[in-house]
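S.K.: Here's the letter readout for the chains.
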Amino acid sequence: MLRKIFAAATLAGLVAMAAPAVAGSTRETLKEVHWSFESPFGQYDQAQLQRGFKIYKEVCSACHSLNQIAFRNLGDKGGPFWNPKYTPNDNPVVKAIAKDYQIADIDSDSGDAIKRPGVPADYFPSPFSNAAAARAANGGAVPPDMSLLAAAREGGPAYIYSVVTGDGTDAPAGLTIPDGKYYDPWMSGDVSSYFKNPGHKVPKGGFIAMPPPLIADRVTYDDGTKATIEQEGKDISAFLQWASDPHMEERKTLGLSVMIFLFLFSGVIYASYRTIWRNVGH
Amino acid sequence: MSDHPSTYQPNSGIERWLDTRLPIIRFGADLMSFPTPRNLNYWYTFGAILAFCLGVQIVTGIVLAMHYDPSGVGAFMSVQRGIMRDVNYGWLLRGIHANGASMFFLAVYLHILRGLYYGSYKAPREVLWLLGCVIYVLMMATAFMGYVLPWGQMSFWGAKVITSLFGAFPVIGKPLTELLWGGFAVDDPTLTRFFSLHYLLPFVIAAVVALHIWALHVPGNANPTGVEVKSKSDTLPFHPYYTVKDLFAISVFMILFAVFVFYMPEALGKVDNQVMADPLKTPAQIVPEWYLLPFYAILRAIPDKLTGVLALAGALGMLFILPWLDTSKVRSMRYRPQYRLFFFIWIVACAALGWCGSQEPDGQILEGVKTFTLIDADLNSVTWLSRFASIYYFAYFLVITPVLGLTEKPLPVPDSLYTPVLSHPAGAPAGAAAAPETKG
Chain A
289 MLRKIFAAAT LAGLVAMAAP AVAGSTRETL KEVHWSFESP FGQYDQAQLQ RGFKIYKEVC
349 SACHSLNQIA FRNLGDKGGP FWNPKYTPND NPVVKAIAKD YQIADIDSDS GDAIKRPGVP
409 ADYFPSPFSN AAAARAANGG AVPPDMSLLA AAREGGPAYI YSVVTGDGTD APAGLTIPDG
469 KYYDPWMSGD VSSYFKNPGH KVPKGGFIAM PPPLIADRVT YDDGTKATIE QEGKDISAFL
529 QWASDPHMEE RKTLGLSVMI FLFLFSGVIY ASYRTIWRNV GH
Chain B
162 MSDHPSTYQP NSGIERWLDT RLPIIRFGAD LMSFPTPRNL NYWYTFGAIL AFCLGVQIVT
222 GIVLAMHYDP SGVGAFMSVQ RGIMRDVNYG WLLRGIHANG ASMFFLAVYL HILRGLYYGS
282 YKAPREVLWL LGCVIYVLMM ATAFMGYVLP WGQMSFWGAK VITSLFGAFP VIGKPLTELL
342 WGGFAVDDPT LTRFFSLHYL LPFVIAAVVA LHIWALHVPG NANPTGVEVK SKSDTLPFHP
402 YYTVKDLFAI SVFMILFAVF VFYMPEALGK VDNQVMADPL KTPAQIVPEW YLLPFYAILR
462 AIPDKLTGVL ALAGALGMLF ILPWLDTSKV RSMRYRPQYR LFFFIWIVAC AALGWCGSQE
522 PDGQILEGVK TFTLIDADLN SVTWLSRFAS IYYFAYFLVI TPVLGLTEKP LPVPDSLYTP
582 VLSHPAGAPA GAAAAPETKG
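Those protein sequence lines, which keep their order, are chains A and B.
Start counting the first sequence at 289; every next residue gets the next number (my numbering).
Start counting the second sequence at 162; every next residue gets the next number (my numbering).
Next comes chain A alone, as it looks inside the complex (with noise of 0.2 Å):
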């Protein structure tokens, strides 16, 4: 009875624990997308990181900052440029991709600021040199740095893809949408004192200041794979996961080792005490 009714309450409270803070709820529902790093052994798409990667350069990164990561980190073990003949630093992709960027500098002789082009070893520039020139540039509104994005956000690479794909949606009859923002049903926000529709609910969702980003063939994919709405979507989002989680390949492979080893060491511990206990009334 104690024991049934601890362990339901633990489980319980495991639960309300693991559900997140319905903060979110005034958002329509995420669309539904299959990852390839879903379960607990699913890995990273690398093919699909590549052309996320295309995408974050082509399209994202002209507002976008990625400024946790190094050029060096497309080519770490699970990165989009990942090639286990070459170190991150060595890698003739990453130097490639990290040339074309110009990295502001001092320079070391005349001590004037410069800009050289990048080596694997520094990180993705900002497009505004500061937050005022970002916000001038945007209607008031910072685009969030991508590094962490789909850490960030309720429902991760599914949210990041609702948002990106779904601006094909028409605002609702009787929503006024202010100057420079968009409808986006699964922003959180409240958008009921733009909305008069009497005798209609009040749309879900909120505004973003950011105007649809994708349209078919925005890019050209290296691979050959057609550029539609729904392939860009899905790769840019899963670019931002590893972008947010870059160790997850390492942490289920380790992981895998580390459930084997504890289930193996409980029953050696266990088949110990059965023998300590053996004869012993308790």
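Hints in this document: simulated from the structure, not taken from any laboratory.
Warning: the hint list may mix true and false statements.
What the hints assert, rightly or not - List of simulated lysine to any residue pairs, SDA-like, C-alpha gap at most 25 Å:
1) K442(B) x P466(A)
2) K469(A) x T443(B)
3) K365(A) x G243(B)
4) K335(B) x P464(B)
5) K531(B) x N567(A)
6) K387(A) x G243(B)
7) K383(A) x F416(A)
8) K391(B) x N567(A)
9) K540(A) x I416(B)
10) K387(A) x R246(B)
11) K484(A) x P501(A)
12) K490(B) x I416(B)
13) K466(B) x L480(B)
14) K490(B) x P563(B)
15) K469(A) x T508(A)
16) K321(B) x S476(A)
17) K345(A) x I503(A)
18) K492(A) x N541(B)
19) K540(A) x A428(B)
20) K492(A) x P563(B)
21) K383(A) x D395(A)
22) K531(B) x R315(A)
23) K365(A) x A445(B)
24) K540(A) x S327(A)
25) K319(A) x A445(B)
26) K365(A) x R246(B)
27) K383(A) x V248(B)
28) K442(B) x I465(A)
29) K365(A) x L480(B)
30) K489(A) x A445(B)
31) K365(A) x V248(B)
32) K393(B) x N249(B)
33) K540(A) x G243(B)
34) K531(B) x D478(A)
35) K531(B) x P486(A)
36) K570(B) x L559(B)
37) K442(B) x D395(A)
38) K373(A) x D247(B)
Chain A is fixed; fit chain B onto it per the hints.
M.R.: What follows is chain B alone, placed relative to chain A:
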């Protein structure tokens, strides 16, 4: 320790030499041979599990501190870019440390519930219980300050909400808050002093744990029957009987721990904390970690801030005065069916408070039902559920426990803790079991 005679025999010259100067080997040997009731069940393994948790937190924490920058500008990046991405196995260290806090609290709550159920707080173990309460309060302070260190949105705003509570006190409130902040708002100095204290407090906890174990070894363990040890045949040496049992429990506990660390490292966190602290942008909902939610619910249940803070402190205070509130002569709830029922309701009330703490205060319990407003809140709201649960929480300690102890007719209590053991089918002849040669 207590009336447990030392059985240690120094075997070599160096042991004899040391034994007359610093009998530390004797101390360890006596700890290991400590007579322990033979009927302890798995609920009694949480003490060892908690010692394991404290060790894990200290070891991982010390390494994390090597890579951490306690400044407003650097903290977030040193955690997210440094530890989580670049430090070798930094993701693992932080995963263990952050989830370890939750595991620590899970274990401490089960440990406390065990103490409540079996009446472990009663004479002669009041000091043992009080030291445990002190450890629990220190743990909460340590965990709260640790949560601030990554300097994400929830770190910052959580710090702001909790430190502002001290401002509710008249006269001393303002200077106390400014002392905590190291300024006039939560800022760099707050973060730096929290880091310093977060490093200090675990060692204070370790010291109080030493006292807790000392206080345990004076009267010896309580046990599920609540009947004191009466003869040597009631006990077994701690080692190997309980070392192996505790180790098995720790190993199983580690499986649960590892599930979180390796497969859902962020499940217990808040997504907002992945965004760097921004004093100008309040998150939609500020929620503490799960283990503090019941107290947060009690705080919010009361419209007046000072009363709320006092209720929060009082909720903890109940645990401290419990040994003197319980009037029953019977220790274990095994023999107190009525009290046991109220205890289970109390657990449900605590769980309800935890749930309430995670919800918006004006959220509805029954969707779409509007009743009437009473004391600033609709009756069908999270606030009122918190109020009912809080009332029960306090009534359990202040009314039910003292009154029921006098009125309840307990079930017959066995003469010795070994009596129920002997009636057990696997029970061995008394005495034989305690003989060392029977161990495998």
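S.K.: Indicate, hint by hint, whether the structure satisfies it.
M.R.: Checked hints:
Of the supplied pair hints, the one linking K442(B) and P466(A) holds, its CA atoms being roughly 20 Å apart against a limit of 25 Å. The hinted pair formed by K469(A) and T443(B) meets the criterion: a straight-line CA distance of about 21 Å does not exceed 25 Å. For the proposed pair K365(A) and G243(B), the alpha carbon gap of about 17 Å is at most 25 Å, so the pair holds. For the hint pairing K335(B) with P464(B), the CA-to-CA distance comes to about 20 Å; that is within 25 Å, so the pair holds.
In summary, the hint linking K531(B) to N567(A) is not supported, as the alpha carbons are separated by about 63 Å, beyond the 25 Å threshold. About 24 Å separates the Cα atoms of K387(A) and G243(B), which keeps this hinted pair within 25 Å; it holds. As the CA atoms of K383(A) and F416(A) are separated by approximately 23 Å, the hinted pair is consistent with the 25 Å bound. Simply put, K391(B) and N567(A) have alpha-carbon atoms about 21 Å apart, close enough for the 25 Å limit, and the pair holds.
Note on K540(A) and I416(B): the hinted pairing holds, with a Cα-Cα distance of about 14 Å set against a maximum of 25 Å. Among the hinted pairs, K387(A) with R246(B) is consistent with the structure: their alpha-carbon atoms are about 23 Å apart, no more than 25 Å. Restraint check: the Cα-Cα separation between K484(A) and P501(A) comes to about 28 Å, which exceeds 25 Å; the hinted pair is violated. The hinted pair formed by K490(B) and I416(B) fails the criterion: a straight-line CA distance of about 39 Å is larger than 25 Å.
A threshold of 25 Å between alpha carbons decides the hint, and for K466(B) with L480(B) the separation of about 22 Å falls inside it, so the pair holds. Taking the CA atoms of K490(B) and P563(B), the gap is about 11 Å. The hint holds against a cut of 25 Å. Restraint check: the Cα-Cα separation between K469(A) and T508(A) comes to about 28 Å, which exceeds 25 Å; the hinted pair is violated. At roughly 23 Å between alpha-carbon atoms, K321(B) and S476(A) fall within 25 Å of each other, so this suggested pair holds.
The straight-line distance between the Cα atoms of K345(A) and I503(A) is roughly 15 Å, inside the 25 Å bound, and the hint therefore holds. A hinted pair counts as satisfied when its Cα atoms are at most 25 Å apart, and K492(A) with N541(B) qualifies at roughly 24 Å. For the proposed pair K540(A) and A428(B), the alpha carbon gap of about 15 Å is at most 25 Å, so the pair holds. Of the pairs offered as hints, the one joining K492(A) and P563(B) is violated, with about 52 Å between alpha carbons and a cut-off of 25 Å exceeded.
With a C-alpha separation of about 21 Å, the suggested pair K383(A) and D395(A) falls inside the 25 Å cut-off, and the hint holds. Only pairs whose Cα atoms come within 25 Å are accepted, and K531(B) paired with R315(A) is accepted, the gap being roughly 23 Å. For the suggested pair K365(A) and A445(B), the alpha carbons sit about 37 Å apart, so the restraint of at most 25 Å is broken. Straight-line distance between C-alpha atoms of K540(A) and S327(A) comes to about 10 Å, which keeps the hinted pair within the 25 Å bound.
Restraint check for K319(A) and A445(B): satisfied, since their Cα atoms lie roughly 23 Å apart, inside the 25 Å limit. Of the supplied pair hints, the one linking K365(A) and R246(B) holds, its CA atoms being roughly 12 Å apart against a limit of 25 Å. Restraint check for K383(A) and V248(B): satisfied, since their Cα atoms lie roughly 22 Å apart, inside the 25 Å limit. Proximity of K442(B) to I465(A) is assessed by CA-CA distance (about 22 Å); at most 25 Å being required, the pair is judged to hold.
Only pairs whose Cα atoms come within 25 Å are accepted, and K365(A) paired with L480(B) is rejected, the gap being roughly 51 Å. Restraint check for K489(A) and A445(B): satisfied, since their Cα atoms lie roughly 22 Å apart, inside the 25 Å limit. Note on K365(A) and V248(B): the hinted pairing holds, with a Cα-Cα distance of about 14 Å set against a maximum of 25 Å. A hinted pair counts as satisfied when its Cα atoms are at most 25 Å apart, and K393(B) with N249(B) does not qualify at roughly 52 Å.
Pair hint K540(A) plus G243(B) holds up; C-alpha atoms about 21 Å apart against a cutoff of 25 Å. Distance check on the hinted pair: K531(B) and D478(A) sit about 21 Å apart at the alpha-carbon level, within 25 Å; holds. Distance hint between K531(B) and P486(A) is fulfilled; the C-alpha atoms sit about 21 Å from each other, no more than 25 Å. For the hint linking K570(B) to L559(B), the alpha-carbon distance of about 20 Å falls within 25 Å, and the restraint holds.
Between K442(B) and D395(A), the direct Cα distance comes to roughly 38 Å. Violation of the 25 Å bound is thereby established for this hinted pair. Proposed proximity of K373(A) and D247(B) is supported: the alpha carbons are some 21 Å apart, at most 25 Å.
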